[in-house]
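Taken in sequence, the protein lines are chains H and P. In terms of my numbering, the first sequence is residues 1 to 170. In terms of my numbering, the second sequence is residues 1 to 340.
By construction, these hints were calculated from the structure, which means they are not laboratory data. Careful: at least some of the hints might be erroneous.
[Stated by the list, open to error] Here are the computed distance ranges between Cβ atoms for each label pair: (1) S233/P / E152/H: 12 to 22 Å; (2) Y149/H / E65/P: 57 to 67 Å; (3) M21/H / K105/P: 47 to 57 Å; (4) I9/P / P146/H: 50 to 60 Å; (5) N43/P / S38/H: 18 to 28 Å; (6) A131/H / S233/P: 56 to 66 Å; (7) M21/H / E65/P: 48 to 58 Å; (8) S38/H / S12/P: 40 to 50 Å; (9) E89/H / D38/P: 22 to 32 Å; (10) F193/P / K16/H: 14 to 24 Å; (11) E58/H / G283/P: 53 to 63 Å; (12) M235/P / E51/H: 28 to 38 Å; (13) M235/P / I24/H: 58 to 68 Å; (14) D153/H / A45/P: 58 to 68 Å.
[To be verified] Selected chain P positions facing chain H (Cβ under 8 Å, derived; list incomplete): (15) L19; (16) F20; (17) F35; (18) D38; (19) R39; (20) L40; (21) W301; (22) T302; (23) L303.
The model shown is predicted, which means the values in this text are computed figures rather than measured ones. Using N, Cα and C, we set each Cβ at its ideal position, and we do this for glycine too.
Chain by chain, the residues run as shown.
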Amino acid sequence: MSVVKLTDRIKVMERKPMTFMEKIYIPAILKGMSITISHLFKKKATISYPEEQRPMSEVFRGLHILKRDEKGAERCTACGLCALACPAEAISMTASERKRGEEGLYREEKYASVYEINMLRCIFCGLCEEACPKAAIFLQNDKMAPASYEREDFIYGKDRLVEPFLQAKA
Amino acid sequence: MSWIILKIIFISVIFGLSLFIAMYSTYAERKIAAFLQDRLGPNRAGPFGLLQPLADGVKLFFKEEFIPMKADRWLFLMGPGFFMITALMTSAVIPFGPDIIVDGKPFSLQATDINVGLLYIFGVVSLGVYGILIGGWASNNKFSLLGAIRAASQNISYELAMGLSIIALVMMSSSLSLKDIVDQQAGWHWNVFYQPLGFLIFLVCAFAETNRAPFDLPECETELVGGYHTEFSSMKLGFYLFAEYINMFISSAVLATLFFGGYHFPGISSMEPGILKTALSVGVMFGKIFFFIFFFMWVRWTLPRFRYDQLMNLGWRILIPLAVINILITGAVILYKMGL
């Protein structure tokens, strides 16, 4: 009976009886122990996360930020294009009219009085960033949404999203 | 009178030291396991995780103490205690250093130098298996019982080969006192060079006697849940795990004493007696002990567990005949040296 070869990768198993050196098992033990001891001096793969952080890619899409302009006024005009672009429907906002005397706070007459992103819904695709006509929303490449115990903690309001004033000036 | 006080202090120190070393062996085990697997190991409790054993101990103390309804209450409580006591008793005959002079009288750094020290160790070690057996039996659990039975048969099988491998050594030293055996190995006259086969057999048996991998069948997690300590919780489990590390410490000490010259080291033996010599000798002894503890762990994280039939095969059909051959060779050499 001839064996039909389907591939040329077939390897015939060798079933030779063990030699004496193989039978006494000690050389094999020593070999294994030399391998394990070499690992004692190898670089550890672990990154101790909170103290040590993995370097992020330039194009990493992390936590969102609502940018201010060069004078420190919020760029967002609550047009709602980001919410429309969002495939996960994570963004919601309420628009308001800018009052007299608030020119330093908001760049245009309309602004978002409430701006919320649900980080549990967000898939960090970055479509909001692409949709924004005012260059107001960006995904940072060095921050991630941290873990929390409560679901409520993952709904990020303006308090956590808007760029701090000092950071914008710098 | 002062001699008794000194002895009591010395024994307490050895007692505390055994517990302390066992405590930090658990830390070392986890750290070494981690390092051999390219991990970091415990590093949260204290600097480098050095308080980890303390945290583990506290955790074990505060865990719920559970006794199964159908367990034999008294035996269930006795098992861990018995195991712990026998583990701690063995250190009594191990010489940790040369004699020191206190008030003009020599004071031995050994709890007692009985002339049947080796037999004493073997006796206490064989008693140790009762702790496992009682605990496993009293749990009234099939996994525990299987683990206990395995422990008993394994210890009996390997004690034979262990005893036979020691006979060749005793034939050379013609003494059962550990102190004598150590003092005969001063300089480079370590027994391991004269009895390499005996050492190998003893080493393998030591692994089996302490229930360490690759012979940890009594607590084989993959087959028996937790083996003999499946039903134990809280500090009773802690005692079992802890006593295992004490056993490992004692085994390392016995290995160092019998085969690696104990507290002797070339160079130190020829020094002037004094504080420095004593300190160095004790340091050397503990260096050797720590090396063997490391060796135990190194082997554990390298070799897979033996199958039960392989274990019995190795014990009865390989180690015992080898030990007998070793005795015959030793006897022949001794006779040849005596000039027949």
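Hint by hint, here is what the structure shows:
1. Between S233/P and E152/H the beta carbon distance is about 38 Å. The supplied range of 12 to 22 Å is therefore violated.
2. Distance hint check: the CB atoms of Y149/H and E65/P are about 31 Å apart, inconsistent with the given range 57 to 67 Å.
3. The hinted range of 47 to 57 Å is satisfied by M21/H and K105/P, whose Cβ atoms lie roughly 56 Å apart.
4. One distance hint, 50 to 60 Å for the beta-carbon pair I9/P and P146/H, holds here, with the actual separation near 54 Å.
5. Under the hint 18 to 28 Å, the C-beta atoms of N43/P and S38/H, about 22 Å apart, fit the expected range.
6. At about 58 Å, the CB distance of A131/H to S233/P agrees with the hint of 56 to 66 Å.
7. Between M21/H and E65/P the CB atoms are about 52 Å apart, so this pair conforms to the stated range of 48 to 58 Å.
8. Between S38/H and S12/P the beta carbon distance is about 42 Å. The supplied range of 40 to 50 Å therefore holds.
9. Between E89/H and D38/P the beta carbon distance is about 42 Å. The supplied range of 22 to 32 Å is therefore violated.
10. Range check, F193/P to K16/H: Cβ separation about 36 Å, and the 14 to 24 Å hint is violated.
11. At roughly 55 Å, the beta carbons of E58/H and G283/P sit within the given window of 53 to 63 Å.
12. For the hinted restraint 28 to 38 Å between M235/P and E51/H, the CB-CB distance of approximately 33 Å keeps it satisfied.
13. One distance hint, 58 to 68 Å for the beta-carbon pair M235/P and I24/H, is violated here, with the actual separation near 43 Å.
14. At about 28 Å, the beta-carbon gap between D153/H and A45/P misses the expected band of 58 to 68 Å.
15. Checking L19/P against chain H: minimum C-beta separation of about 27 Å lies over 8 Å; hint violated.
16. The beta carbon of F20/P is not positioned within 8 Å of any beta carbon in chain H (closest approach about 24 Å), and the interface hint is therefore violated.
17. Checking F35/P against chain H: minimum C-beta separation of about 5 Å stays under 8 Å; hint holds.
18. Interface restraint check: D38/P against chain H, minimum CB-CB distance 5 Å, threshold 8 Å, status holds.
19. Among the interface hints, the one on R39/P holds; its C-beta lies about 6 Å from the nearest C-beta in chain H, closer than the 8 Å criterion.
20. The restraint placing L40/P at the interface with chain H holds, with a minimum CB-CB distance near 5 Å, inside the 8 Å limit.
21. This hint holds: W301/P has a C-beta 6 Å from the nearest C-beta of chain H, less than the 8 Å allowed.
22. For T302/P, the interface hint holds, the least distance from its beta-carbon to any beta-carbon of chain H being 5 Å, beneath 8 Å.
23. Given the 8 Å rule on beta carbons, the hint for L303/P holds: about 7 Å separates it from the nearest Cβ of chain H.
Hint compliance for this structure: hints 1, 2, 9, 10, 13, 14, 15, 16 are not met, and every other hint is.
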